[in-house]
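Based on the sequences and whatever the hints tell you, model everything.
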Amino acid sequence: MARVTPVTVDERPAARHGWGRALVTVLSGLAVMFVLAALGLWAAGAAGLPDGAFARVVVATVVTAVGGTLELTGDAGPLARTRAGLTVMPLSVTLAGALVIGAGFLRPLRHRAVASVRELAGWAARLALLWLLALIGLGLTARQTFAVDMGNGTLSDLTDLFGGAPTVGFTTDVPLTVLFGLLWLAGVLLLALLVAPGAPLPGRLLRLREPVRPAAHAMVLLLLGCVAVGLVVALVSAATRGHPAETFAVILLGLPNLAWLALTLGQGATWNGRVDGPFGLPMPEVLDHVLRTPDVATLNLRTLTEQDGAMWWLLVAQVVLTSAAAFLMAARSPAGVRARQHAVRLAVALALTVLMVCLLCRISAHYGLSLLGIGDLGGGLSGELFLRPRLWQAVSLGALWGLVTGFLGAVLARPVHRRGRVDVP
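The sequence shown begins at 1 in our numbering and counts up one residue at a time.
It cannot be assumed that every hint is accurate.
To be verified - Pairwise CB distance ranges (calculated):
id, residue 1, residue 2, range
1, Val35, Leu360, 19 to 25 Å
2, His289, Arg209, 46 to 52 Å
3, Leu235, Leu133, 35 to 41 Å
4, Glu306, Val117, 27 to 33 Å
5, Pro50, Pro244, 23 to 29 Å
These are computed hints drawn from the structure, not numbers from a lab. Ideal Cβ placement from N, Cα and C applies to all residues, glycine included.
This is how it looks when you write it as structure tokens:
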């Protein structure tokens, strides 16, 4: 009788996702992010930056897109002082990179139901090591200094007299960039496993498929649906209202920032913010009008509709998109799940989604210059911009919307044939 040599199940999968495929995945994600960042900054007019700084600004944009930390620097001579700060994520670049890297991570794992922890950890470790090297390279490259044009007049004369000609620039906090960049990658890979319907899970985690995967998949579709609607609105606006370059800059750099902000506003959430000085927000004029006030402004559906009555469509879009996500979640769930279980699961999922949106869509920027210790010189050399949510109010409203639409979606999905149900003739 011939002897048969056993072959382990893990040999073939391991061969399909080695170092070569990991390198392709990382480089593909970075390439997409660099292209979007470069096109967006070019549309915004950054191609004319002095000293060939455009390439370094593109690198800095990619760094912030993966959670990296930029430090703004300034120097105004021995008798002057500058202060500056910037916190913002270009979520168009972030989303594109996450989709490409997530797809590359899942591709060699498709057509399988189960994968071992060892296999998944080894595949993720290859990606993480290459991503770490890329983060270090990006962090060391993203640094530049610019001279601030003081123009003509008394202010220019004073700065020349006291040697206070200001400069401003940016550099990267490499350790924090590496830390947050690796956390970003871990989040992308984990979400890819939880969201993708055909992604394999370790045997011990298969029980998460029923309660977690349909809700997670529905939330990703909800966020992508918001971006798709925002894209249509932006293209229509560019075609009918002019300013196509500015509109395409917003699309390529910050469309999810606006679309996901609109999602929370449609739920009734409130954000606080202010725009002062030369800063401007990459968003419709109605938002700039609401936020450009002497004091901290309140941004919600009421204040928006006071400026433009068409903003009530945010509520309509919220109802339609969230209800559609609830229906899809129920339709993809086993037939034995009750309506109240759907409601609770969607409430938790939508609350976590709103929490993520609130953390990612915050904006903070400020710049100021003082000379001889006499306050802020004002003019075009100082300003403040910030936008932050009332966090727990927004999360609570998200949970409430999840309860209501989750129950409604379960009721609407009852006629749909689902796994685990047998129709008796």
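Hint check:
Between valine 35 and leucine 360 the C-beta distance comes to about 21 Å, which sits within the given range of 19 to 25 Å. As the Cβ distance of histidine 289 to arginine 209 is approximately 47 Å, the hint placing it in 46 to 52 Å holds. Between leucine 235 and leucine 133 the beta carbon distance is about 38 Å. The supplied range of 35 to 41 Å therefore holds. Checked against the hint of 27 to 33 Å, the C-beta distance between glutamate 306 and valine 117 comes to roughly 55 Å, which is inconsistent with it.
A hinted range of 23 to 29 Å for the beta carbons of proline 50 and proline 244 is consistent with their spacing of about 26 Å.
Violated hints amount to a single one, hint 4; each of the other numbered hints is respected by the structure.
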